[in-house]
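Under UniProt numbering, the sequence shown has 46 at position 46, and the numbering climbs by one with no breaks.
Since the hints were made in silico from the structure, they are not lab data. Do not take every clue at face value.
[What the hints assert, rightly or not] For lysine-lysine, the following DSBU-like pairs were computed, each having C-alpha atoms within a straight-line distance of at most 30 Å:
| # | residue 1 | residue 2 |
| --- | --- | --- |
| 1 | 40 | 110 |
| 2 | 130 | 144 |
| 3 | 130 | 143 |
[As the list claims (entries may be wrong)] Derived DEER-like restraints, expressed as beta-carbon distance ranges:
| # | residue 1 | residue 2 | range |
| --- | --- | --- | --- |
| 4 | 16 | 44 | 34 to 42 Å |
| 5 | 118 | 35 | 15 to 23 Å |
| 6 | 136 | 45 | 37 to 45 Å |
Don't be surprised by glycine CBs; every beta carbon is placed ideally from N, CA and C.
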Amino acid sequence: MLAIYRFLFPSKPDGTAISLLLLALRILFGGLLLSHGIQKWTNFTEMSAVFPDPLGVGSQVSLGLAIFGELACSIGFIFGALYRLAMIPMIFTMCMAFFVIHGNDAFAVKELAFIYLVVFILMYITGPGKFSIDRMISIPLSKKRR
Numbered sequence: 001m002l003a004i005y006r007f008l009f010p011s012k013p014d015g016t017a018i019s020l021l022l023l024a025l026r027i028l029f030g031g032l033l034l035s036h037g038i039q040k041w042t043n044f045t046e047m048s049a050v051f052p053d054p055l056g057v058g059s060q061v062s063l064g065l066a067i068f069g070e071l072a073c074s075i076g077f078i079f080g081a082l083y084r085l086a087m088i089p090m091i092f093t094m095c096m097a098f099f100v101i102h103g104n105d106a107f108a109v110k111e112l113a114f115i116y117l118v119v120f121i122l123m124y125i126t127g128p129g130k131f132s133i134d135r136m137i138s139i140p141l142s143k144k145r146r
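Take the sequences, apply the hints, and build the full model.
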């Protein structure tokens with residue numbers, strides 16, 4: 001029973017095993033969202049005329065914001081660079097996709113946006129772990145302050 005408890009509730013949330021898991025999740029989900037951003041970027045001309053405009057800023061701007069959230073921010077997410085700042089547009093994009101763009105669709109249609117949204121919110125809460133650019137930068141900075 002104690003082994004199960006320790007597995008479910010690790011005593012070191014910033015330990016190596018948890019950080020490796022977070023790194024794997026960042027690479028997996030960041031790479032998946034990155035592929036969506038690349039697809040939108042390569043088909044920008046075709047998609048810009050028909051892309052939904054939930055913010056009322058125009059289809060091209062909405063598509064550009066979606067590409068930024070899915071492409072540029074995914075790179076920051078994968079590497080753990082400006083981690084939480086990069087995740088805000090990713091979470092916002094998935095909120096728009098789930099609640100607005102596919103709001104009236106069947107759950108099967110908006111399920112992928114929901115999965116991304118839940119994972120990104122949980123990853124935002126947990127942080128990037130040890131293996132991130134943010135962590136590599138913060139260690140020397142914290143030593144300078146002492």
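Do the hints match the structure? See the list:
1. 40 <-> 110: 18 Å, holds
2. 130 <-> 144: 19 Å, holds
3. 130 <-> 143: Holds: residue 130 and residue 143 sit about 16 Å apart, inside 30 Å.
4. 16 <-> 44: 34 to 42 Å: 41 Å, holds
5. 118 <-> 35: 15 to 23 Å: With a Cβ separation near 19 Å, residue 118 and residue 35 satisfy 15 to 23 Å, so the hint holds.
6. 136 <-> 45: 37 to 45 Å: 39 Å, holds
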